[in-house]
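Q: Take a look at the letters that make up each chain.
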Amino acid sequence: MEYGKPEMMAVAIMRAISDGDIVFHGLASSTPMVAMKAAKAMGKTFTYLTLSDGVDHDYLKPPTVASTLTANTYEGSVATFGLDEIFDLYSSGKGDIAFLSCLQMDKSGRIAMSYLGGTYDNPKLRGPGGAGSATLTPVTKKTIIWKPQHDKRTFVEHVEFATTSPDVNKEFTVITTLCIFKKPAGEKYLKVHTIFPYTTLEEVKENTGWQIDETNVPVMDPPTEEELRALKLVDPNNILGFEFK
Amino acid sequence: MYDKTMSLSQAADLIKDGMLLAIGGNGMHRTPSIFSLALTKKPVKELKVCGAAPGLASDILFASFQADTAYFGFFGLENEAGLAPGMRKSMEGDNPKAKAIEGS
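Protein sequence lines, in the order shown, are assigned to chains W and R.
By my numbering, the letter at position 224 of the first sequence is numbered 297, and the numbering carries on one by one without gaps.
By my numbering, the letter at position 46 of the second sequence is numbered 285, and the numbering carries on one by one without gaps.
FYI, nobody ran anything at the bench for these hints, they're computed from the structure.
Check each hint, because a few of them may be wrong.
Lysine to aspartate or glutamate pairs mimicking EDC-like chemistry, simulated, CA-CA at most 16 Å apart [said to hold, decoys possible]: (1) R:K338 / R:D307; (2) R:K284 / R:D252; (3) W:K243 / W:D169; (4) W:K167 / W:D94; (5) W:K214 / W:D240; (6) W:K197 / R:E331; (7) W:K261 / W:D240; (8) W:K255 / W:E287; (9) R:K328 / W:E260; (10) W:K318 / R:E331; (11) W:K167 / W:E276; (12) W:K214 / W:D161; (13) W:K243 / W:E260; (14) W:K264 / W:E276; (15) R:K336 / W:D194; (16) W:K78 / W:D294; (17) W:K197 / R:D252; (18) R:K338 / W:D194.
Just chain R, with the same shape it has in the complex (with noise of 0.2 Å):
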């Protein structure tokens, strides 16, 4: 079987400009927000993300600006973290970083 291992560095070299990712985990649970960490450290942007129920590891990417654009059912952090705070700080307002593109 082909091994798809690697470091997390090496995982984050793969993500380009411009990139759809689709995170994993919903809300606060089963979520790579490790993953998502290591991105902000890299200069990537215009990212898109997608998921039934995007959660931390997707919030942290509109936190900081990096994402643009979320296809999604549900985007939140569930009753025990509330509406997802980096999700609300890129899309609110009158000029928005980010827009939300929901599905359901």
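Next up, chain W with everything else stripped away, as it sits in the complex (with noise of 0.2 Å):
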């Protein structure tokens, strides 16, 4: 079965799963959405938190447009947990992962949501911002960012005004359309961790606006057939294929 980047994203957001971890996306998050879904699909027992106020709800139902705010992240749902508890929930440090994304970030992993270019006031380019972003980051255990695009726009040498940032003493994952970048508890930088079977260092290395000075990285396993089965099954209208576009 072919794969191209979107289900590499996806598989990697699938394997950052594990059983036992409450995990949040919340809304514009159509692809860990559809990851979150293939890997209830695979099996896993997580908790999955979103939006709609539906916990766990049957992942089954496809989605038929880009949006995590329709009913099928809602319909079959356990229980009804809302906006307000999952940011109480997450407050009280009981949040394992939460699925966030950007329109830039730097190497020390802030985050632009707000504007790009000139000042808050007088921006040049008025961002969504930062949907809770500044809140769950500080207090998640695993903070994790996808952004489907990998380029020098995006990850950038230095953020000018950071709607967010990690905690140095939390673990901060950035999965990207080419690697991973990790940035350990403790640690202040983000390093690659891992890159995608279609890629190189070298690549990566053209395509980020910081220095990386890592030499020898790990390339992800593929995805195996299985994991590809389930994110057909689950995305049977290719909605993850939409932010790749």
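Two chains, two frames, a set of hints: combine them into the complex.
A: If you want it as structure tokens, here you go:
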């Protein structure tokens, strides 16, 4: 079965989830939505929380549009748990993973979501805002950023205005179309942790706006047939591909 | 039970200059766009909008320059339509007509 960048990213997300985890994604998050549904289809026993207020919805209800606000993320839920309750849960330190994204990021994992260029009051581009990331990032055990691009416009040397930034004492992961960056707990900067099978460390360096010092990094195993079948099962309308167009 | 049901025009008549509106829905979903379109037919101005994830209904009021402040966590139209064009039109550049006050 063939795969591309969407499937590889989704599989990287699926593999980041462990049994017993409490996992959240917010709105505008079709990539982690499909990946988390597929992880459920693979039999992983984690708790799925999202903005629809549904807990562990029926993962076989397929998305039909690239939104995480439609009925498919609520139907069949085992409980209703609102966004305010999700934030309370995470603020009490009980959230394992939050999947978040960004407009830009630098080597420290500082994330721009508010604006790009200009100033806060006179921005060149007004962004959508942090969507809770400033609250969740410092309190979540493992924040995972997914970004369906990997280029120097996104991964820059310095973010001018950080909407949020990682806690130095917590693990922080970034999954892109080419690789996985990690900032281990206790460290300040992101390092290339793993590259995907179809790229090279040189290509990662050429498309990253900060200096990468790593010289030898492992290659992630390609998606298995079972993982690809799970993605097809939960996403017959290929909503996963939407963010990669 | 007190019946709050009223016509769209009656509801729009409740809105006065400078009011803070909590507009329901998120992004492109369950958001009362027809109500906002009704407001664009009226001379109300300096509105403020708030919400966890204001979307299309709020964006219409920034596109018409009738809203001048947004309090929000996320203001956009998700992947389906991307960044909110009305908000961008009123908030970007040297002479913005509106301001963003982000929460969280």
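Q: Now tell me, hint by hint, if it's right for this structure.
A: Hint check results:
Proximity of K338 (chain R) to D307 (chain R) is assessed by CA-CA distance (about 6 Å); at most 16 Å being required, the pair is judged to hold. Our distance criterion of 16 Å between C-alpha atoms is met by K284 (chain R) and D252 (chain R), whose separation comes to about 13 Å. For the given pair, K243 (chain W) sits about 11 Å from D169 (chain W) by alpha-carbon distance, which is consistent with the 16 Å threshold. Restraint check for K167 (chain W) and D94 (chain W): the C-alpha separation of about 9 Å stays at or below 16 Å, so the hint holds.
The straight-line distance between the Cα atoms of K214 (chain W) and D240 (chain W) is roughly 10 Å, inside the 16 Å bound, and the hint therefore holds. Taking the CA atoms of K197 (chain W) and E331 (chain R), the gap is about 6 Å. The hint holds against a cut of 16 Å. For a cut-off of 16 Å, the pair hint linking K261 (chain W) to D240 (chain W) stands: about 9 Å separates their Cα positions. A hinted pair counts as satisfied when its Cα atoms are at most 16 Å apart, and K255 (chain W) with E287 (chain W) qualifies at roughly 12 Å.
Between K328 (chain R) and E260 (chain W) the CA atoms are separated by roughly 40 Å; this puts the pair beyond 16 Å, and the hint is violated. Annotation: proposed proximity of K318 (chain W) to E331 (chain R) is violated, straight-line Cα distance about 26 Å (limit 16 Å). Distance hint between K167 (chain W) and E276 (chain W) is unfulfilled; the C-alpha atoms sit about 37 Å from each other, more than 16 Å. As the CA atoms of K214 (chain W) and D161 (chain W) are separated by approximately 14 Å, the hinted pair is consistent with the 16 Å bound.
At roughly 9 Å between alpha-carbon atoms, K243 (chain W) and E260 (chain W) fall within 16 Å of each other, so this suggested pair holds. Between K264 (chain W) and E276 (chain W) the alpha-carbon distance is near 15 Å, which keeps this suggested pair within the 16 Å criterion. The straight-line distance between the Cα atoms of K336 (chain R) and D194 (chain W) is roughly 10 Å, inside the 16 Å bound, and the hint therefore holds. Of the pairs offered as hints, the one joining K78 (chain W) and D294 (chain W) holds, with about 13 Å between alpha carbons and a cut-off of 16 Å not exceeded.
For the hint linking K197 (chain W) to D252 (chain R), the alpha-carbon distance of about 36 Å lies beyond 16 Å, and the restraint is violated. Only pairs whose Cα atoms come within 16 Å are accepted, and K338 (chain R) paired with D194 (chain W) is accepted, the gap being roughly 7 Å.
Of the hints listed earlier, those the structure fails to meet are numbers 9, 10, 11, 17, in rising order.
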